[in-house]
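**Q** The chain contents come next:
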Amino acid sequence: QKEVEQDPGPLSVPEGAIVSLNCTYSNSAFQYFMWYRQYSRKGPELLMYTYSSGNKEDGRFTAQVDKSSKYISLFIRDSQPSDSATYLCAMTPYNNNDMRFGAGTRLTVKP
Amino acid sequence: DGGITQSPKYLFRKEGQNVTLSCEQNLNHDAMYWYRQDPGQGLRLIYYSQIVNDFQKGDIAEGYSVSREKKESFPLTVTSAQKNPTAFYLCASNYLGSHNEQFFGPGTRLTVL
Chain A
1 QKEVEQDPGP
11 LSVPEGAIVS
21 LNCTYSNSAF
31 QYFMWYRQYS
41 RKGPELLMYT
51 YSSGNKEDGR
61 FTAQVDKSSK
71 YISLFIRDSQ
81 PSDSATYLCA
91 MTPYNNNDMR
101 FGAGTRLTVK
111 P
Chain B
1 DGGITQSPKY
11 LFRKEGQNVT
21 LSCEQNLNHD
31 AMYWYRQDPG
41 QGLRLIYYSQ
51 IVNDFQKGDI
61 AEGYSVSREK
71 KESFPLTVTS
81 AQKNPTAFYL
91 CASNYLGSHN
101 EQFFGPGTRL
111 TVL
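Chains as they are written, first to last, in the working numbering: chain A, 1 to 111; chain B, 1 to 113.
Pulled out of the complex, with its shape left as it was, chain A reads as follows (with noise of 0.2 Å):
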């Protein structure tokens, strides 16, 4: 069993359209937990970052971690064609740089 599971799509959406992505974990050290945004052939630009469970909001983009079930997640709303990209969420435990990468998930948005 991978440490970080996530669903690598691909997903297709309408434009307009509320978008979840989502990642599951298996190591209950993971504190820290980010989601990044990669474009094609392009470096991971970091999106969000969050540290206790709940809700943090930034714009059109909602991250919402439950520690307890061990489960993260990335709203997007109001979905554009530039949101298009490939969503990897990351985490870390505390005070430890060894940082666990999801496989990352494939998303369109079509206009």
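If you want the footprint, here are the derived chain A segments under chain B, 3+ residues with CB under 8 Å:
hint, stretch
1, 37-48
2, 97-107
To give an idea of the chain B side of the interface with chain A (calculated C-beta under 8 Å), a few residues:
hint, residue
3, A31
4, Q41
5, G42
6, Y48
7, L90
8, E101
9, G105
10, P106
For the record, the hints were derived by calculation from the structure and aren't laboratory data.
C-beta: ideal position from N, C-alpha, C; glycine also.
Since chain A is already given, all that's left is putting chain B on it; use the hints.
**A** Coordinates of chain B only, in the frame set by chain A:
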């Protein structure tokens, strides 16, 4: 502009050759990392360095070597011992003691001919 640069963007290697990928950062970050990305797989850690002149193996270090002579630079050498080197290589960096978020360079695509 502060950031992480990687060069070259594309690199072609013949079998049996060693090649070196460059990574430079001007963010004054303490730690630097090299990852490999293959289709359908998450990023896998090759090597990391938290301080000049010191580095640690990651999950897939075999066939790779690194050096950290300067804080700003962390070059990766892909040796001929690496059996399947064709991949997208990503360099990242962050501050030690930060909340661990890492910032990535644009990547180098290595293809073995």
